Every structure is written in structure tokens, then in C-alpha cells.
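From first to last, the protein sequence lines are chains A and B. Read in order, the letters of the first sequence are residues 1 to 159 in my numbering. Read in order, the letters of the second sequence are residues 1 to 159 in my numbering.
Read the hints as simulated data drawn from the structure, not as lab findings. You may find that some hints are simply not true.
[Stated by the list, open to error] Footprint (simulated), chain B over chain A, 3 or more residues, beta carbon under 8 Å: (1) 10-23; (2) 79-86; (3) 89-101; (4) 110-123.
Since the model is a prediction, treat every value here as computed from it, not as a measurement. Even glycine gets a Cβ: it sits at the ideal position worked out from N, Cα and C.
2 protein chains.
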Amino acid sequence: MGTTEIIAPEGQPVIDMRRDFAAPRALLHRAHTDPALITQWLGPKQYEMVIDEWDLRDGGRYRYIHRDDAGTAYTFHGVFHSTSIDGMVQTFEFEGAPGHVSMDTLWFEEHDGRTTIHVRSVFQSVEDRDAMVAAGMGDGVNQGYDRLEALIPTLLVQA
Amino acid sequence: MGTTEIIAPEGQPVIDMRRDFAAPRALLHRAHTDPALITQWLGPKQYEMVIDEWDLRDGGRYRYIHRDDAGTAYTFHGVFHSTSIDGMVQTFEFEGAPGHVSMDTLWFEEHDGRTTIHVRSVFQSVEDRDAMVAAGMGDGVNQGYDRLEALIPTLLVQA
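Isolated chain A, as found in the complex (with noise of 0.2 Å):
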């Protein structure tokens, strides 16, 4: 498995996510992309994902529920900005704490068949990346992305 590094710098509000894949870009952009693929693999392992609204263009609005072990529900939603694969723009808010937003900025790098994903996260505050960090989302994101790493070999032999 790889890993992938996580950097919150001190005092601001921003953290840099990166993770290396042995994939082409527009393979990584499809699982970013097609709701059939990203319920897949995105957020903590064994946890159920359902897709409420995904209107991938700029502008469109996106929604999807994490659903625990214990059935506890966990709901997300944002707006797409810019969703090219040169580089993905979307805001995120956690329904549970509703008018604290982050926006995320996705780009994906190519080099010598494997891509690079990154990820830069902008947050109203320090406060609130803090409170991101402190529920767990590098364990998310982690799972998540160990998820993707494992689903690439089915869909390299679909592509």
C-alpha cells in the first residue's frame, strides 16, 4: 500500500494532501468523477456511501451520505467549481456543522505511467482545519485512498 503525506502547517488554515498511484491521470480524473466509481472508494473503509445529488459541472451542486456500522449517518454536500482534469475545484461542508466550509483544490499529476494526486484544502480558519484534523479526516482520507489504490487493477482491465 502507499502512503499518503499529509501536511497542516502551523498556524494556517490549509492542508496539503498527496498520494502516488500506479495509474494514468484520466483513469485517477473517471474514479474522482463517475458516481459509480467513487461510492467505491471514497471515505473510511466499511462505511456505506450513497450519492444524493452529483451534478458534475461548474456550478452543479454534489451530496452523498456516510453510513456507519451502527447505521449512524454522516452527510456531506458542496458545489463543483471547476472539474476539468487539469484540476478539480469544490467546496465541502459537513451537514453536521452547517456554514463552516472548506474548498478543495485537485490536481493530477502524470509521470512515467503513475500520477501524483494532490490536494490542497483552504478553511475559513485555523480553528476549523484544526477541528478537521481532530475528527479523523487523515484516517479518512487514508482508508479512502487505500481503497482507490486496490480498486485501480479492475479498472485498468476495464479501461
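Since the structure of chain A is already known, use the hints to place chain B on it.
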């Protein structure tokens, strides 16, 4: 005329702004949300503002055009994320630099009949923040707030 405090902290993708107005919070909230009012003050002086879209709800889109004396148009769009009087969150993108999105949080703090407007803008990078400053954002904000200040007596009479 009042003055706008504008802070761009070194090395952070952040701008904090603050300005005090002789008006109650509800009036300032209305001046920020009613399209018939916002076109009277937002942006640099002598710019004409035309609203193309203004869908004031969580997930709703806005788009407007500023046109200078020479007829040059500058178009901006974004999405409202929260629009309550306690705090507004909206994204902001200049169509001349697509994919560069910032996110603004506004809140109105009332005290003794006056209200301080706070705005925190977060950017995808320090470079994006610095580009916005270099483009004259401070002057534009100040001129807009001067116009808002001049408009307040009329709005107070109508209220």
C-alpha cells in the same frame, strides 16, 4: 468617510477586512443581498454593475459584470453557501482567470446601533492572494464601501 482595515498576513492565503458603518445589521445584510441595492455600491466607483444571475440560496449561483468608462467588462461568478444574517459564505471567481476561486466569509457585528462588517477571504494559494492584491483589490473594496456608506442615509429613511 470611514476606512477599511485590510490585512494580508505574510505567507498565508488569507485576506481579512473590516469596516464600521453607522447602520443596523439588518440594513447592511439587505445591502449585501438585495440585487437592486448591491448594484448601487459594490465595486470601484464609476463602474457600472449589471447582475446576470442572483440565486440567493445555499447552492445558488450569482454572476455579475462590472464595466468601466472605456466599456471594458470584468465578469465574476460564484456560489452562495450560506446567506443568513449571522454569516454569509460565497465563492468568487474572476472569469478572466478561470479555475482560480476564492471563498469569502462575511459576518455583521452590531454594537450600539453601528455595525462592523468582517470579511475573511481564503485563496487556493498565497500567489493567488497576492495576485488579487496586485490587481487593486484594496482600492476596489474601499471605493465600494465608500459608496455603501454614502447610500446608508437614504436606506435608513426608507427603512
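Right, here's what the structure says about each hint:
no.: 1; hint: 10-23; in the structure: holds (count 4)
no.: 2; hint: 79-86; in the structure: holds (count 5)
no.: 3; hint: 89-101; in the structure: holds (count 6)
no.: 4; hint: 110-123; in the structure: holds (count 3)
Hint compliance for this structure: every hint is met.
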